[in-house]
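The listed protein sequences correspond, in order, to chains B and H.
Here the first sequence is numbered in the working numbering, starting from 41 and rising by one per residue.
Here the second sequence is numbered in the working numbering, starting from 41 and rising by one per residue.
Just so you know, the hints here were simulated from the structure itself, not pulled from any lab data.
Any given hint could be a false lead.
When chains are identical, the list treats them as one kind, so a pair holds in a single copy or across two.
Here are the simulated lysine-lysine pairs, DSSO-like style, with alpha carbons at most 30 Å apart [unchecked claim]:
#1 Lys44 <-> Lys135
#2 Lys139 <-> Lys151
#3 Lys129 <-> Lys151
#4 Lys154 <-> Lys139
#5 Lys154 <-> Lys129
#6 Lys98 <-> Lys151
#7 Lys100 <-> Lys154
#8 Lys154 <-> Lys98
#9 Lys154 <-> Lys92
#10 Lys129 <-> Lys98
#11 Lys44 <-> Lys100
Letter by letter, the chains look like this.
Protein chains: 2
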Amino acid sequence: MATKTMTTREVADRLVELCRKGLVLEAQQELFADEVTSHEPAHSQTPPAIGKEAVLAKGKHFVSLIEERRSGSFEDPIIAGDYFSFVCKLDATLKGVGKVVWDEICVFGVKNGKVISEQFFY
Amino acid sequence: MATKTMTTREVADRLVELCRKGLVLEAQQELFADEVTSHEPAHSQTPPAIGKEAVLAKGKHFVSLIEERRSGSFEDPIIAGDYFSFVCKLDATLKGVGKVVWDEICVFGVKNGKVISEQFFY
Numbered sequence: 041m042a043t044k045t046m047t048t049r050e051v052a053d054r055l056v057e058l059c060r061k062g063l064v065l066e067a068q069q070e071l072f073a074d075e076v077t078s079h080e081p082a083h084s085q086t087p088p089a090i091g092k093e094a095v096l097a098k099g100k101h102f103v104s105l106i107e108e109r110r111s112g113s114f115e116d117p118i119i120a121g122d123y124f125s126f127v128c129k130l131d132a133t134l135k136g137v138g139k140v141v142w143d144e145i146c147v148f149g150v151k152n153g154k155v156i157s158e159q160f161f162y
Numbered sequence: 041m042a043t044k045t046m047t048t049r050e051v052a053d054r055l056v057e058l059c060r061k062g063l064v065l066e067a068q069q070e071l072f073a074d075e076v077t078s079h080e081p082a083h084s085q086t087p088p089a090i091g092k093e094a095v096l097a098k099g100k101h102f103v104s105l106i107e108e109r110r111s112g113s114f115e116d117p118i119i120a121g122d123y124f125s126f127v128c129k130l131d132a133t134l135k136g137v138g139k140v141v142w143d144e145i146c147v148f149g150v151k152n153g154k155v156i157s158e159q160f161f162y
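The following block holds chain B by itself, in its conformation from the complex (with noise of 0.2 Å):
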């Protein structure tokens, strides 16, 4: 069976859909490129991680920290072209962390209906 590439537009509902349901690994397993890379902000100190597997752990490894998650959002997205954007919130209390209330713009490369990017500004 054929299957149609997703648009920019279709990846976007789709992450923000599954994302709101709770279910970013899964989010992340269905729509994330086997090339995908992750950065944070520089001063965030944590590195870019590059590829599907590593980008895949630093989700698991965030979702493993997460003692108590009060309230979050994932706000709809907005397109251009090959990359979407959206705000995401979140206020939660972190394993060795402490309580964070977090406010941030996610920005996401689209290739061939699969994500190949993800970037953090907070």
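On the provided structure of chain B, position chain H as indicated by the hints.
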């Protein structure tokens, strides 16, 4: 007279307001910090512009390349903490380049009521 520091939302709205009036250079002059940086994607081969003078020169140079602007838009910004993002579209003819139809995600960082970074994704 004491001046109140603009919030990220206020900076974003003012930038979009001026850009929609065609006052892009005036917006940069008014809202950009002395230490502002401007980053194009790696594939663009345009080096980063560092500092307000360099960023204004880059903006001025770009405006000078526009032979014909058929249409364009600055979409409503999304806001998260010290960052905002919006979609910018341009259908124009550029000197030495020809016809371009651009659709990009722009991300801006704000500090002390001024834009300290801009980064473009296309």
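Evaluated hints:
Neither within a single protomer nor between protomers do lysine 44 and lysine 135 lie at most 30 Å apart by alpha-carbon distance, with minima of 41 Å and 38 Å respectively. Only between protomers do lysine 139 and lysine 151 lie at most 30 Å apart by alpha-carbon distance; the minimum there is 24 Å, versus 36 Å within a single protomer. Taking CA atoms no more than 30 Å apart as the test, lysine 129 paired with lysine 151 passes in both settings, with 26 Å inside one copy and 20 Å between copies. Taking CA atoms no more than 30 Å apart as the test, lysine 154 paired with lysine 139 passes between copies only; the shortest distance there is 28 Å, against 33 Å inside one copy.
Both within a single protomer and between protomers do lysine 154 and lysine 129 lie at most 30 Å apart by alpha-carbon distance, with minima of 23 Å and 23 Å respectively. In the homo-oligomer, the alpha carbons of lysine 98 and lysine 151 lie at most 30 Å apart both inside one protomer (21 Å) and across protomers (29 Å), since each shortest distance falls under that limit. Proximity of lysine 100 and lysine 154 under a CA criterion of 30 Å is satisfied intra-copy only: 19 Å inside one chain copy versus 36 Å between copies. Proximity of lysine 154 to lysine 98 under the C-alpha cut-off of 30 Å is restricted to the intra-copy arrangement: shortest distance 18 Å within a copy versus 33 Å between copies.
Taking identical chains as interchangeable, the C-alpha atoms of lysine 154 and lysine 92 lie at most 30 Å apart only when both belong to the same chain, with a minimum of 11 Å there against 36 Å between chains. Only within a single protomer do lysine 129 and lysine 98 lie at most 30 Å apart by alpha-carbon distance; the minimum there is 18 Å, versus 34 Å between protomers. In the homo-oligomer, the alpha carbons of lysine 44 and lysine 100 lie at most 30 Å apart inside one protomer (29 Å), although the nearest pairing across protomers, at 42 Å, exceeds that limit.
Hint compliance for this structure: hint 1 alone is broken.
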